[in-house]
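Each chain is listed here by its residues.
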Amino acid sequence: MKIYVKALGMHLKSELEYRVNFILSFLSQILVFFTYYFVILSLFTKFSHIKGFSLWEVLLCFSIIQFGFSFNEVFARGVDKFDELIIRGDFDLLLIRPRNILLQVLCSDSDFVKVSRIIQAIIVLILSIIHLDIQWNILKVFTLFLMLVSSCVIFFGIFLMAASYCFYTIQGLEVRNVFTDGGKQMAQYPIGVFQKGFVLFFTFIIPYAFVNYYPLLYLLGKKEQYYYGLSPLLVFLYLIPCIMMFYQGMKRYTSVGS
Amino acid sequence: MSFIEVKQISKTFRVAKKKSGLKEAIKSFFKREYLIVKAVEDVSFSIDEGEIVGYIGPNGAGKSTTIKILSGILNPDFGECKIAGMTPWKERVKYVKNIGVVFGQKSQLWWDIPAEDTFDLLRDIYEIPEEEYQSTKNDLIKKLNLEDIINIPVRQLSLGQRMRCEIAASLLHNPKILFLDEPTIGLDAVSKQLVRDFIKRLNHEKHTTIILTSHDMSDITTLAKRIILIGNGKVLYDGSLKKLKDQYETETTVYVKTKDKLDIRKKGILKKSKTKDGYQLLVQTKELSISKLLPLLSRKIEIEDIEIENESIDQIIVKLYEDYQI
Chain A
-8 MKIYVKALGM HLKSELEYRV NFILSFLSQI LVFFTYYFVI LSLFTKFSHI
42 KGFSLWEVLL CFSIIQFGFS FNEVFARGVD KFDELIIRGD FDLLLIRPRN
92 ILLQVLCSDS DFVKVSRIIQ AIIVLILSII HLDIQWNILK VFTLFLMLVS
142 SCVIFFGIFL MAASYCFYTI QGLEVRNVFT DGGKQMAQYP IGVFQKGFVL
192 FFTFIIPYAF VNYYPLLYLL GKKEQYYYGL SPLLVFLYLI PCIMMFYQGM
242 KRYTSVGS
Chain B
10 MSFIEVKQIS KTFRVAKKKS GLKEAIKSFF KREYLIVKAV EDVSFSIDEG
60 EIVGYIGPNG AGKSTTIKIL SGILNPDFGE CKIAGMTPWK ERVKYVKNIG
110 VVFGQKSQLW WDIPAEDTFD LLRDIYEIPE EEYQSTKNDL IKKLNLEDII
160 NIPVRQLSLG QRMRCEIAAS LLHNPKILFL DEPTIGLDAV SKQLVRDFIK
210 RLNHEKHTTI ILTSHDMSDI TTLAKRIILI GNGKVLYDGS LKKLKDQYET
260 ETTVYVKTKD KLDIRKKGIL KKSKTKDGYQ LLVQTKELSI SKLLPLLSRK
310 IEIEDIEIEN ESIDQIIVKL YEDYQI
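So the protein sequences, as listed, match chains A and B. Read in order, the letters of the first sequence correspond to residues -8 to 249 in this note's numbering. Read in order, the letters of the second sequence correspond to residues 10 to 335 in this note's numbering.
Since the hints were made in silico from the structure, they are not lab data. Nothing here was measured: the structure is a model prediction, and the numbers come from that model. Some hints here could point you the wrong way.
Stated by the list, open to error - Part of the chain A face toward chain B, derived, beta carbon under 10 Å:
1) Gly0
2) Leu84
3) Ile92
Backbone N, C-alpha and C fix where the C-beta goes; we use that ideal spot for every residue, glycine too.
Just need the whole structure built from these sequences, with the hints factored in.
The following block contains the structure:
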């Protein structure tokens, strides 16, 4: 943990070496974020509801997914950019250090510009909570917390799974973006607004529904059963095969020529 | 049992066959043909503690693969390897504490920040006690002449300065074994000398076992007494450099500057030809050593100047490669 924090500090220091670039990128992220935001806003100028979900309900969902995604872009960038680590051959350097590989991968990269997105996600989250009329109780607060955490966990799992492919192909597959960026785009909306097939896919194959749909139903009072509120916990199980895949892939690692 | 014991390791890679041209690239995108490349085959050797071994061979001979196997990065398909009682790829975490690796073509330093920050991170990674860390670091700073460059972002350093920092970074935890993969690549004469002197001193003072690959033969001659030659993945020669030299360095050209007329006929002198201001002799050193030739010459003529041209080690290596057809 100490090493990870230290490495983060060093990444920050590296990024701050290019001060103007850092500030401009930080600001440009706000623009990018608002394009996502406007897509949703413009949708709701035509329709007041999408399958029973109002604007602020969708924005709540949106902010939670954005939060988890950006969180990983900042704190697990090394996993996200793992293909570059392999292609450059720098993965070799991790293997000669007496530390856990996954920890070192986490330490290998970070993108502090994306902190900008985390902040914006939190702002949208707070705004939507203010606008929504939620009957708060302790379990619902806990549910919201779980949703945020599981959002981070699920993207970490997906990044990790995508990283494992690199061991087999040396190159990051574009397929991974179906699950990461594509998945993110879909998961910004409550999964229930989609066709049944999608719902099943995002429940059982990549469990986005446990991050932003079932708990959301509980939070909004559309479902009363408490297990809807606790359903994000299932996402943690999803991590197990992801981590296993990563280590399985590592056994196949053949390095690149020097 | 030796400190480093390598027994019959083999490693093959599956390489996608690629032809040039966009059309071929697209074709290979859909259907790949693979080529099985034997990177190392049946490689065995043993190295004692405190030895410096030059590991040489042409490009693509399998040098880097061997280094990667020995440092636990790759696991071989077959074979055994025990280093300091451990198998590198099986007990990776425990094993790598004992080794330092410098890849001449890869940097372990963080690019945008001073080298000292990387050193600090390495201290935490290797869990080096603070006191030991400070004394090792100061020692390295002194010996490698790093005082002025350790606080400058690495990207602003020259190649020679960076390489010195790289070497320091790989030695902070006082490893027993140091792998140097082309440590002097691209360095100027002064930096090369500094690096060589340092490596020699390290081996002498700390008894560090050093395995060195390089294409610069003067690296090998100044540092290593023993060389292992590898070609096409196989060990072709393993022994002292001197023996190799004796075996291959059989002819020497001697230039003599003189005004006298030289009339010499002796077994061992293969050719005699007149030059502008003297003679040129081609001598077979096995038959007639230079030390025997000199008094012979001085008895016959007034020598103004004499020049003895040894075959350079590079030429020997070229011959060696030709002999083994690699």
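Going through the hints against the structure:
no.	hint	in the structure
1	Gly0	holds, 9 Å
2	Leu84	holds, 5 Å
3	Ile92	holds, 9 Å
Checked against the numbered hints given earlier, the structure satisfies every one of them.
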